[in-house]
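Let the hints inform the model, and build the full structure from the sequences given.
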Amino acid sequence: MKSKRRSLVLLGALILLTSALLTGCGGDDQKTSDTAEPVIDVRPITSSKQLVMPVASYVLTAADEKAYFAAVNLAQRRCADDFGVDTSIPVAAQPAQMELASPRRVGLVDREDVSRYGYHLPPTGENSADDKAGGWDPSERELVIMRGVDSGGEPQETDAETGRAIPEGGCSAEGFRVVDEGATSPAASDLVMTILNDAWSLTVADSRAQGAAAAWSECMAKNGYEFSSRGEAGNSVMSEPEAVQLRMAKLDLQCAIDTDYISIWYAVDKAYQERLIDENEAELQAGLAEQREVMDRVHGLLQEGA
Amino acid sequence: MKRVLFAAATLAAASTLLSVTPAFAGPASDSVTVGPTGSGSIMVSQFRQLYDGSGYSWVHRGTAACTVSTSNQDYGRSNLNINDWNDVVSYLQDYNQCDVKVFQDTNYEIALTGYVNYGSSGRGIADGLNNRTSSYYLS
Chain A
164 MKSKRRSLVL LGALILLTSA LLTGCGGDDQ KTSDTAEPVI DVRPITSSKQ
214 LVMPVASYVL TAADEKAYFA AVNLAQRRCA DDFGVDTSIP VAAQPAQMEL
264 ASPRRVGLVD REDVSRYGYH LPPTGENSAD DKAGGWDPSE RELVIMRGVD
314 SGGEPQETDA ETGRAIPEGG CSAEGFRVVD EGATSPAASD LVMTILNDAW
364 SLTVADSRAQ GAAAAWSECM AKNGYEFSSR GEAGNSVMSE PEAVQLRMAK
414 LDLQCAIDTD YISIWYAVDK AYQERLIDEN EAELQAGLAE QREVMDRVHG
464 LLQEGA
Chain B
113 MKRVLFAAAT LAAASTLLSV TPAFAGPASD SVTVGPTGSG SIMVSQFRQL
163 YDGSGYSWVH RGTAACTVST SNQDYGRSNL NINDWNDVVS YLQDYNQCDV
213 KVFQDTNYEI ALTGYVNYGS SGRGIADGLN NRTSSYYLS
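Heads up: the sequence lines are chains A and B, in that order. The numbering of the first sequence is this note's numbering, which starts it at 164 and goes up by one. The numbering of the second sequence is this note's numbering, which starts it at 113 and goes up by one.
No lab work stands behind these hints: they were computed from the structure. No residue lacks a Cβ here, since even glycine has one placed at the ideal position from N, Cα and C. You may find that some hints are simply not true.
Computed spacing ranges between beta-carbons, pair by pair [stated by the list, open to error]:
| # | chain 1 | residue 1 | chain 2 | residue 2 | range |
| --- | --- | --- | --- | --- | --- |
| 1 | B | 226 | A | 405 | 21 to 27 Å |
| 2 | A | 413 | B | 243 | 23 to 29 Å |
| 3 | B | 221 | A | 327 | 36 to 42 Å |
| 4 | A | 302 | B | 243 | 37 to 43 Å |
| 5 | B | 243 | A | 204 | 33 to 39 Å |
| 6 | B | 229 | A | 319 | 26 to 32 Å |
| 7 | A | 387 | B | 183 | 46 to 52 Å |
Computed footprint of chain A on chain B, listed as stretches where at least three residues anywhere in the stretch have a Cβ under 8 Å from a Cβ of chain A [unchecked claim]:
| # | segment |
| --- | --- |
| 8 | 154 to 163 |
| 9 | 175 to 181 |
| 10 | 189 to 197 |
| 11 | 207 to 214 |
Written out as structure tokens, the structure reads:
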């Protein structure tokens, strides 16, 4: 891992010069297009809470997602009731979809968390352990009714006790069908995820982001480590003792701060997301409308079940 | 809008909803997926390419939490290669009472671990097993 310093200054300067020419320094006649790198607005980022994803405007809130899963669970239980099964299938507990996308999207950001946990994510509370104690322990019949397969994984189409047809995928899938009615789930928007994917791919290839990565690499090289990308730093110590990991995490973050890596990468990512949003505005609005329709059903179901 | 990147999520044959965030994924058509038929959005696992949490990740979604027993497989993916996720997993997270068992080869051949509870905060895969996963079960 340790090695001689790599001379990346010239490369970084060249990339930054190119990016400056592409991002508006040339005056009004420097117009952007779908293929040109977008203009970026670099602002200081000191907390992952500042990493707001523009595309997050097209998903509902974490509270909505929580209500959605409560309604799905209610629909799953009602389906089971129809078979005379009192299921104990739990309500889903998981991070909201936008929480998955933002805190570590550009690597380590939060100095306090890094000083305590290094590369590890901070514990998230009640669900952080996720152990099986007190978890779902269905009987064989409940399993068949809820999942449409037996414990050996064999699909079951008919309930042996009642002779009734089991919904495809069991009552667990039926609950989603009842609530979603084929619409975009408030907990998993395909288009939003696709935009996040594509924005990331564009960010990685962007000259401004690459310039920041080169500057970060140079900073790490000054400290005796040779990495071509930020992710390599964490991977290089993942099997090392915690103290070693912690030292690397702190250095990784310090170099990111010193080189404006986080601010630049976020600005680039944000700009590409905004471009992709513009290109897909109608479809995004339609998806959002679908999610709101789903939430209308969610609130109706929860009121009925109260 | 280019949708090929989300091929894994839209497979008609897939019995669970999969997403990759951010992602790279090639055409997928024949990977056998364990789990109940029908799409749901309950997250059961997330695999990350990089230990620092940046870059690409693989999210597996299903219709129900995993059961207490690990004698059966609640979910699985027999071939990560066709989604360009072969031998890239470094960090694992599991949710909704699921544990993860990873295999070196496709079709659940050569177990690298038993069932491990990585938790929602997750942790790196065991020493020496980085970038070696080709298929996995969740239970």
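Going through the hints against the structure:
Take residue 226 of chain B and residue 405 of chain A: their Cβ atoms lie about 23 Å apart, and the range 21 to 27 Å holds. Range check, residue 413 of chain A to residue 243 of chain B: Cβ separation about 25 Å, and the 23 to 29 Å hint holds. Between residue 221 of chain B and residue 327 of chain A the Cβ separation comes to about 39 Å, which falls inside the hinted range of 36 to 42 Å. Here the CB-CB span from residue 302 of chain A to residue 243 of chain B is close to 40 Å, well matched to the stated 37 to 43 Å.
For residue 243 of chain B and residue 204 of chain A, the hinted distance range of 33 to 39 Å is satisfied, since their beta carbons lie about 36 Å from each other. For residue 229 of chain B and residue 319 of chain A, the hinted distance range of 26 to 32 Å is satisfied, since their beta carbons lie about 29 Å from each other. For residue 387 of chain A and residue 183 of chain B, the hinted distance range of 46 to 52 Å is satisfied, since their beta carbons lie about 49 Å from each other. Three residues within the 8 Å Cβ limit are the bar, and the segment 154 to 163 of chain B against chain A gives 6, so the coverage statement holds.
Counting residues of the segment 175 to 181 of chain B whose CB lies closer than 8 Å to any CB of chain A gives 7, so the stated coverage by that chain holds, three being the minimum. Counting residues of the segment 189 to 197 of chain B whose CB lies closer than 8 Å to any CB of chain A gives 0, which falls below the minimum of 3, so the coverage claim is violated. Judged by the Cβ-Cβ criterion of 8 Å, the segment 207 to 214 of chain B is covered by chain A as claimed, because 5 of its residues qualify and three suffice.
The structure does not agree with numbered hint 10 stated previously, though it agrees with all others.
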